[in-house]
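Asker: The residues making up each chain are set out below.
2 protein chains.
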Amino acid sequence: MGKKAVVLLSGGMDSATAMAMAREEGFELYALSIMYGQKNEVELEKAKKIAKHLGATEHLIVPLSLKIIGGSSLTSMESPVPKGRSIEEIGKRIPSTYVPARNTVFLSVALAWAEVLEAEDMFIGINALDYSGYPDCRLEYIKAFEAMAHLATKAGVEGRMQLRIHTPLIGLRKAEIIAKGVALGVDYSLTHSCYDPLPHGGACGECDSCKLRLKGFQEAGLRDPITYG
Amino acid sequence: MGKKAVVLLSGGMDSATAMAMAREEGFELYALSIMYGQKNEVELEKAKKIAKHLGATEHLIVPLSLKIIGGSSLTSMESPVPKGRSIEEIGKRIPSTYVPARNTVFLSVALAWAEVLEAEDMFIGINALDYSGYPDCRLEYIKAFEAMAHLATKAGVEGRMQLRIHTPLIGLRKAEIIAKGVALGVDYSLTHSCYDPLPHGGACGECDSCKLRLKGFQEAGLRDPITYG
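Line by line, the protein sequences give chains L and E.
First residue of the first sequence? That's 235 in the numbering used here, and the numbers climb one at a time after it.
First residue of the second sequence? That's 235 in the numbering used here, and the numbers climb one at a time after it.
It should be emphasised that the hints constitute simulated quantities derived from the structure, not laboratory data.
Some clues are possibly wrong.
Any copy will do: because identical chains look the same in the list, a pair fits if it lies in one copy or spans two.
Listed next, the in silico EDC-like pairs over lysine to aspartate or glutamate satisfying Cα-Cα at most 20 Å (straight line) [as the list claims (entries may be wrong)]: (1) Lys326 to Glu392; (2) Lys286 to Glu354; (3) Lys301 to Glu258; (4) Lys283 to Glu453; (5) Lys326 to Glu312; (6) Lys283 to Glu312; (7) Lys326 to Glu259; (8) Lys238 to Glu258; (9) Lys317 to Glu292; (10) Lys414 to Glu323; (11) Lys449 to Asp421; (12) Lys414 to Glu380; (13) Lys449 to Glu312; (14) Lys282 to Glu322; (15) Lys377 to Glu275; (16) Lys449 to Glu410; (17) Lys286 to Glu258; (18) Lys286 to Glu262; (19) Lys238 to Glu262; (20) Lys237 to Glu440; (21) Lys301 to Glu352; (22) Lys237 to Glu410.
Predicted model, so just to flag it, every value in this text is computed and none were measured.
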């Protein structure tokens with residue numbers, strides 16, 4: 235078995251692909267998902283299936299309500315998720331689906347688990363090309379988190395842990411992510427991207443996340459295997 | 235009303251004092267406590283009383299289980315908290331009560347709330363003199379977190395938030411913290427420090443946290459108003 239890696243797994247296609255890439259690099263996979271009060275909590279059921287599909291040794295789902303903190307249309311029932319925006323509009327300005335400090339909170343929990351597991355590697359499936367402009371999806375942010383993490387833990391201070399945060403998708407377009415995942419055997423029918431799924435779990439096809447996903451499959455020349463509508 | 239500040243409030247004497255100092259500086263107080271599965275969860279009841287006592291506008295208690303991640307005698311029922319160590323022993327090496335990445339997780343949640351509140355100031359009652367040697371209680375760690383936080387949020391990227399993390403106790407001895415708090419009217423009978431309280435909530439007097447507290451009161455020439463045993 236290879237070295238351990240903690241992989242943040244949302245249940246979406248990016249994190250599933252990042253996890254497959256971690257597996258390809260020979261890491262033993264410890265998948266971490268957060269139940270934070272997201273409207274699309276159905277993604278956690280997908281995350282369980284993906285963790286199993288990709289052979290994770292363990293999958294931990296940590297409840298941590300960011301909903302009670304608020305500030306996002308992705309957690310508030312009063313605030314609708316934007317729909318029907320063009321690809322050009324997406325990424326022009328940070329949308330209301332931004333969840334304050336989400337990746338910082340997630341990476342912090344991942345750091346805690348990594349220290350307990352004695353893992354020095356973490357994977358996060360952020361990408362900064364076909365994305366919504368979230369500040370905590372940029373490489374300079376990840377590097378600053380890494381620098382902080384070096385000082386944050388007992389294992390770090392004692393010289394037993396030199397954390398590396400892997401961002402294998404950071405420079406890839408959505409279509410390239412899909413092509414990479416398909417090549418690695420990722421079953422995208424198990425993934426969920428929609429911010430505002432229908433009651434039966436089908437994707438809306440109109441939110442930013444659906445739009446970026448559909449564009450990715452189109453550009454990759456592949457059919458998206460999930461159900462819309 | 236002054237500017238808003240998010241204050242991490244554990245229910246212990248350090249965070250209560252830091253909160254009183256934030257109030258003295260004119261900040262409007264937003265107290266944040268985390269229910270993380272600590273053995274001394276009774277401290278959260280104290281935190282509620284302290285938040286009220288010091289006039290917090292709001293007190294948020296976020297459930298976030300670090301217990302399921304493990305790695306600490308402060309959250310594990312199988313692992314006892316060290317008892318009866320001398321002051322000389324405490325601080326020589328990081329003890330088993332260290333909770334992996336705890337302050338990183340707490341500061342991340344505080345950052346999320348600060349962004350929602352449009353607060354630019356956070357207070358944390360760490361001190362690096364009479365303490366247990368925890369890595370995430372050092373100023374260099376806090377500075378690295380601050381640098382990361384500048385890149386992490388929408389408000390930061392849009393130039394609306396320049397986060398400052400205040401550590402007013404960092405250079406103070408325990409006795410000085412107590413003297414400062416008394417001068418500011420902190421009622422220390424409302425605080426809780428013990429890592430392993432008795433079933434009725436009384437402090438054990440033997441864990442590192444009790445030892446540091448008792449030494450502080452002794453050196454300050456004051457009587458500790460809480461019950462031991």
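Asker: Each hint should be assessed against the structure and marked as holding or not.
Answerer: Now for the hints, and whether the structure bears them out:
1. Lys326 to Glu392: between (44 Å within a copy, 13 Å between copies)
2. Lys286 to Glu354: This pair counts as neither: shortest intra-copy Cα distance 22 Å, inter-copy 42 Å.
3. Lys301 to Glu258: For Lys301 and Glu258, neither the intra-copy (35 Å) nor the inter-copy (31 Å) Cα distance is at most 20 Å.
4. Lys283 to Glu453: neither (26 Å within a copy, 58 Å between copies)
5. Lys326 to Glu312: Result: close neither inside a copy nor across copies, 24 Å intra and 52 Å inter.
6. Lys283 to Glu312: Neither. Shortest intra-copy (30 Å) and inter-copy (32 Å) distances fail the 20 Å Cα cut-off.
7. Lys326 to Glu259: Result: close neither inside a copy nor across copies, 34 Å intra and 39 Å inter.
8. Lys238 to Glu258: within (13 Å within a copy, 47 Å between copies)
9. Lys317 to Glu292: neither (36 Å within a copy, 34 Å between copies)
10. Lys414 to Glu323: Classified as neither; 26 Å inside a copy, 54 Å across copies.
11. Lys449 to Asp421: within (18 Å within a copy, 60 Å between copies)
12. Lys414 to Glu380: Answer is neither: 26 Å inside a copy and 36 Å across each miss the 20 Å cutoff.
13. Lys449 to Glu312: The answer is neither: 29 Å in one copy and 51 Å across copies each exceed 20 Å.
14. Lys282 to Glu322: neither (33 Å within a copy, 48 Å between copies)
15. Lys377 to Glu275: neither (29 Å within a copy, 35 Å between copies)
16. Lys449 to Glu410: within (11 Å within a copy, 61 Å between copies)
17. Lys286 to Glu258: For Lys286 and Glu258, the Cα distance is within 20 Å only inside one copy (16 Å; across copies 54 Å).
18. Lys286 to Glu262: within (13 Å within a copy, 48 Å between copies)
19. Lys238 to Glu262: within (5 Å within a copy, 44 Å between copies)
20. Lys237 to Glu440: Cα proximity of Lys237 and Glu440: none, with 40 Å in one copy and 40 Å across.
21. Lys301 to Glu352: Between copies only: 17 Å across chains, 31 Å inside a chain, cut-off 20 Å.
22. Lys237 to Glu410: Classified as neither; 27 Å inside a copy, 46 Å across copies.
When each numbered hint is compared with the structure, violations occur for hints 2, 3, 4, 5, 6, 7, 9, 10, 12, 13, 14, 15, 20 and 22.
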